[in-house]
Amino acid sequence: MTLDIRGTQYQENLNNDMGLEFYDLSHPWGLGQPCWPYFEDVKIERLHSMAKSGVLTQRITTVMHSGTHIDAPAHVVEGTAFMDEVPLPHFFGTGVVVSIPKGKWEVITAEDLEKASPQIREGDIVIVNTGWHKTYGDNRQYYAYSPGFYKGAGEWFAKKKVKMIGTDTQALDHPLGTAIGPHGPGWPHGLLPDVNREYERETGRKVIEDFPEWEPCHQAILKAGICGIENVGGDIDKVTGMRVTFAAFPWRWKQGDGCIVRLVAIVDRQGGYRLANGQD
Numbered sequence: 279m280t281l282d283i284r285g286t287q288y289q290e291n292l293n294n295d296m297g298l299e300f301y302d303l304s305h306p307w308g309l310g311q312p313c314w315p316y317f318e319d320v321k322i323e324r325l326h327s328m329a330k331s332g333v334l335t336q337r338i339t340t341v342m343h344s345g346t347h348i349d350a351p352a353h354v355v356e357g358t359a360f361m362d363e364v365p366l367p368h369f370f371g372t373g374v375v376v377s378i379p380k381g382k383w384e385v386i387t388a389e390d391l392e393k394a395s396p397q398i399r400e401g402d403i404v405i406v407n408t409g410w411h412k413t414y415g416d417n418r419q420y421y422a423y424s425p426g427f428y429k430g431a432g433e434w435f436a437k438k439k440v441k442m443i444g445t446d447t448q449a450l451d452h453p454l455g456t457a458i459g460p461h462g463p464g465w466p467h468g469l470l471p472d473v474n475r476e477y478e479r480e481t482g483r484k485v486i487e488d489f490p491e492w493e494p495c496h497q498a499i500l501k502a503g504i505c506g507i508e509n510v511g512g513d514i515d516k517v518t519g520m521r522v523t524f525a526a527f528p529w530r531w532k533q534g535d536g537c538i539v540r541l542v543a544i545v546d547r548q549g550g551y552r553l554a555n556g557q558d
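In this note's numbering, the protein residues as written are 279 to 558.
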């Protein structure tokens, strides 16, 4: 099938005769980008425009932890690998997209991961679909009320020796286990103190009692050399419950702590595609 996009002809699937299917698991990124609560807004400026210069050139100012992005171990764990130091095979391979539906402030547990289908295997890239990607946007629902991983899930991933993980929520940790809660830069009341008070009203417990550690899932996986992708979305529902091939290559950014990334799931239903063997 040929697609006409603004007068440019594209073949929808360049390997269509081999049956490859590509699914974009990234959220669209651009001006007006949803941002984590204490990050500055993304800025995009046109240095040259078509009307003025006959060419379009844009300058972007952003943190790399924006939209669908990947965390390097050095983002959280001092003395560990930066983005350019993580071996390339860690960003490519087989794995699963598992459905673990969760609601407001619920925790994804080790038991949830153990029971997930398809079964998570050692060496897998694992993407978890909680359903929360459907709320993605500049809103409290997505950032403040999301479910998430915590210590138990992080330790389970590390023990399982998976290759990489991803989640369709705001971070690799439950929001109340981040600085949104009373941790790190959010100490002692959290970056969103009204959300912390709301949790205490609804549960009768203090946030620090239920989430005593700061980003323990980040700590567990990144110490084990397992990179993590946050804000997964796009076509995630189309491949949930499937074993697929993933590609998510970040920039070769020297001493980078993370990187905006385009996460792609590839399905070869006929099993006919083969990588080139280096010969004619």
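Just so you know, these hints were derived from the structure itself, not from any lab.
Fair warning: there could be bad hints in the mix.
Unchecked claim - Listed below are the simulated BS3-like cross-link pairs for lysine-lysine, each with C-alpha atoms no more than 25 Å apart in a straight line: (1) K441 / K484; (2) K484 / K380; (3) K441 / K532; (4) K382 / K439; (5) K429 / K439; (6) K393 / K321; (7) K321 / K532; (8) K382 / K516; (9) K441 / K380; (10) K439 / K484; (11) K501 / K516; (12) K380 / K321; (13) K380 / K516; (14) K429 / K484; (15) K382 / K412; (16) K516 / K484; (17) K437 / K532; (18) K484 / K437; (19) K501 / K438; (20) K330 / K382; (21) K393 / K441; (22) K484 / K382; (23) K532 / K393; (24) K380 / K330; (25) K321 / K441; (26) K532 / K429; (27) K393 / K330; (28) K412 / K393; (29) K393 / K380; (30) K437 / K516; (31) K441 / K382; (32) K516 / K532; (33) K532 / K412.
A quick look at each hint next to the structure:
no. : hint        : result
1   : K441 / K484 : violated, 35 Å
2   : K484 / K380 : holds, 21 Å
3   : K441 / K532 : holds, 22 Å
4   : K382 / K439 : violated, 29 Å
5   : K429 / K439 : holds, 16 Å
6   : K393 / K321 : violated, 43 Å
7   : K321 / K532 : holds, 22 Å
8   : K382 / K516 : holds, 23 Å
9   : K441 / K380 : holds, 24 Å
10  : K439 / K484 : violated, 33 Å
11  : K501 / K516 : violated, 32 Å
12  : K380 / K321 : violated, 33 Å
13  : K380 / K516 : holds, 18 Å
14  : K429 / K484 : holds, 18 Å
15  : K382 / K412 : holds, 13 Å
16  : K516 / K484 : violated, 38 Å
17  : K437 / K532 : violated, 29 Å
18  : K484 / K437 : violated, 30 Å
19  : K501 / K438 : holds, 14 Å
20  : K330 / K382 : violated, 49 Å
21  : K393 / K441 : holds, 19 Å
22  : K484 / K382 : holds, 16 Å
23  : K532 / K393 : violated, 39 Å
24  : K380 / K330 : violated, 50 Å
25  : K321 / K441 : violated, 33 Å
26  : K532 / K429 : violated, 30 Å
27  : K393 / K330 : violated, 58 Å
28  : K412 / K393 : holds, 23 Å
29  : K393 / K380 : holds, 15 Å
30  : K437 / K516 : violated, 29 Å
31  : K441 / K382 : violated, 28 Å
32  : K516 / K532 : violated, 35 Å
33  : K532 / K412 : violated, 34 Å
Consistency with the previously given hints fails for numbers 1, 4, 6, 10, 11, 12, 16, 17, 18, 20, 23, 24, 25, 26, 27, 30, 31, 32, 33, ordered from lowest to highest.
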